[in-house]
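Asks: Chains as they are written, first to last, in numbering that gives the first Met the number 0: chain A, 0 to 239; chain B, 0 to 257.
Since the hints were derived computationally from the structure, they do not count as laboratory data.
Keep in mind that this is a model prediction, so the values were computed, not measured.
Hints are supplied without guarantee of correctness; some may be wrong.
[To be verified] Calculated pairs, BS3-like style, for lysine-lysine (alpha carbon to alpha carbon, straight line, at most 27 Å):
id, chain 1, residue 1, chain 2, residue 2
1, B, Lys172, A, Lys38
2, B, Lys174, A, Lys38
3, A, Lys228, B, Lys46
[Claimed, not checked] Sample of chain A residues facing chain B (criterion: CB under 7 Å; computed from the structure):
id, residue
4, Ile25
5, Lys26
6, Tyr46
7, Arg79
8, Arg81
9, Asn85
10, Ser88
11, Phe116
12, Glu118
13, Pro120
14, Ile209
15, Ala210
16, Lys225
17, Phe231
18, Asn233
Glycine included, each C-beta is placed from N, C-alpha and C at the ideal position.
One-letter residues, chain by chain:
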Amino acid sequence: MMAYKKRHDNRAVDETRPIIAKAGVIKKADGSAYFSIGKTAAYAAVYGPREMHPKFMQDARRGVLRCNYNMMPFSGMGERVRPGPNRRSKEISMVTEKALLPVVDLDDYPYAVVDVFIELPQTDAGSRCAGICAAAIALADAGIRMKDMVAAVSVGQVEDLLVVDLDYEEEAHEEGDVADIPLAMIPSTGEITLLQMDGKITKENLLKAIALGKPVLQRIAEIQRKALKEKFDNHGDNNE
Amino acid sequence: MNEELKEHISECLKSGIRLDGRGLEDLRNIEIEANVIETAEGSCRIKCGMTEVIVGVKLSVGTPFGDTPDDGVLMVGAELLPLSNPDFESGPPSIESIEVARVIDRGIRESKVIDTKALCITKGEKVWMVMVDICPINTDGNLIDIGSLAAIIALKSATFPEMKDNIVDYKKKTKKPLPLKNFPVTATVVKIGSNFIVDPTEAEEKAMDSRLTVSVTADGKICAMQKGGNEPCTIGDIERMIDLATAKSEELRRHIGG
């Protein structure tokens, strides 16, 4: 049996798949972004602050951030994904919200909501992280006051290797210990705002994997900021 | 919508002008890219003015309906994604999105563009199911015509995945295309006051009195229709709308190619 000593696509362990980030891609939205990493692609659109419905969810102290993660029916690697929310997408929506919430300041918008819609047209693992990256750019593009960017990527273990940005083939690796750890970070403080994990890993390797991801997240944040700058260099028009 | 804008659109049309500068019978510029989604068996991205839509086709193997044991299954879905427009809300499919899906579905189904008999694997047991999903990214009107055109191009770009021991291997695509012939094209005419326009923007749709969507087959026959809007149409109106829709369907048909 060949041990996994080299990544199947020849990437370095701390090398992500190619990233494309664009701001302002959806004209009808108040802010929007596209973020793709390899074959995983995410759109995010921000609407608001706007009146919160249903009313009982309004908060008199500050605005509410509401995220919605959705896979397009043809975006999965296998069969068609049934449209509409399911347990998985609801949980991802919730952790996405919590990943972004620490950086957004909605104190000036009591009773209002800022809606973030994330749509995945195509996925090859790492979709919640791509969604968070797109959403953070879109929030900034919408002019929502933010303390910092939020960058996200998965780290993990595939047999003998600690790696960043696992693709589906690595996630589905069947030999040895495999762990997938979606991670989001506030780049200026290094604080973690999303941490999930499934698989099997020792505490030592977990901490090593997170340390491996940290500089990568800094680089991703730089790509996100660049996307925003590019939009405004193009006079706010990034829709070709 | 506010009455002032509606009146403004209506007044402009009387002098032959639209808010975006087009003539009454002008389509917006269309850009099309096929095979943009690697996880789908066929796909298309279309931009028409500010409206942008992604259509994906998934193929799977399933059981045929009892009354058509040797026919494959076609399904067309559309969702007015809240990502694409501030007026669209999350939640169960709205009646508007159901109408878009059903009108597009009818145009494709009734044109018999897909030879469903050729999708039969084992009579009464296994058939190919063709599932077309229409996902707007940015919605600025005319989703029915734009979604229909993209659906046809996505179907045209689709190839079967490999099948081994009756299990589909989605990682391996064959070069075998879907059994298609006689592509339908759908065109909508909107009436505002006494004026008829094509390829309406969102604002024009909100200002419309009535609407007629017409699906036209390659040999010039009509295969599906839908009247929309709250105002009635005279038979004369309908004749005029069919003529204009048919003429525009020829223009749209050029994007499908051979």
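Asks: Give a verdict on every hint.
Replies: Comparing the hints with the structure gives:
Distance hint between B/Lys172 and A/Lys38 is fulfilled; the C-alpha atoms sit about 17 Å from each other, no more than 27 Å. Restraint check for B/Lys174 and A/Lys38: satisfied, since their Cα atoms lie roughly 21 Å apart, inside the 27 Å limit. Restraint check for A/Lys228 and B/Lys46: satisfied, since their Cα atoms lie roughly 25 Å apart, inside the 27 Å limit. For A/Ile25, the interface hint holds, the least distance from its beta-carbon to any beta-carbon of chain B being 5 Å, beneath 7 Å.
Nearest Cβ of chain B to the Cβ of A/Lys26: about 5 Å, under the 7 Å cut. The hint holds. Satisfaction of the interface hint for A/Tyr46 is found here, the shortest Cβ-Cβ separation to chain B being roughly 5 Å, below the 7 Å cut-off. Against a cut-off of 7 Å between C-beta atoms, the interface hint on A/Arg79 holds, since the closest Cβ of chain B lies about 4 Å away. Using the Cβ-Cβ criterion of 7 Å, the hint placing A/Arg81 at the interface with chain B is not satisfied: the shortest such distance is roughly 10 Å.
For A/Asn85, the suggested interface contact is broken, since its CB lies about 13 Å from the closest CB of chain B, more than 7 Å. Residue-level restraint check for A/Ser88 is violated (minimum Cβ-Cβ distance to chain B is 11 Å; threshold 7 Å). Contact between A/Phe116 and chain B, as hinted, is supported at the beta carbon level, the nearest pair being about 4 Å apart and thus within 7 Å. At about 5 Å, the closest approach between the beta carbon of A/Glu118 and any beta carbon in chain B falls short of 7 Å, and the interface hint on this residue holds.
Hint status for A/Pro120 relative to chain B: holds, with the closest Cβ pair at about 5 Å, below 7 Å. With a cut of 7 Å, the hint placing A/Ile209 at the interface with chain B is violated, because the nearest CB-to-CB distance is about 29 Å. The criterion of a C-beta within 7 Å of any C-beta in chain B is not met by A/Ala210, whose closest approach is roughly 32 Å, and the hint is violated. Below 7 Å, beta-carbon pairs count as interface contacts, and A/Lys225 has none with chain B, the closest being about 22 Å; its hint is therefore violated.
A distance limit of 7 Å between C-beta atoms decides the matter here; for A/Phe231 the minimum to chain B is near 20 Å, and the interface restraint is violated. Against a cut-off of 7 Å between C-beta atoms, the interface hint on A/Asn233 is violated, since the closest Cβ of chain B lies about 17 Å away.
In this structure, the earlier hints numbered 8, 9, 10, 14, 15, 16, 17, 18 are contradicted, and the remaining ones agree with it.
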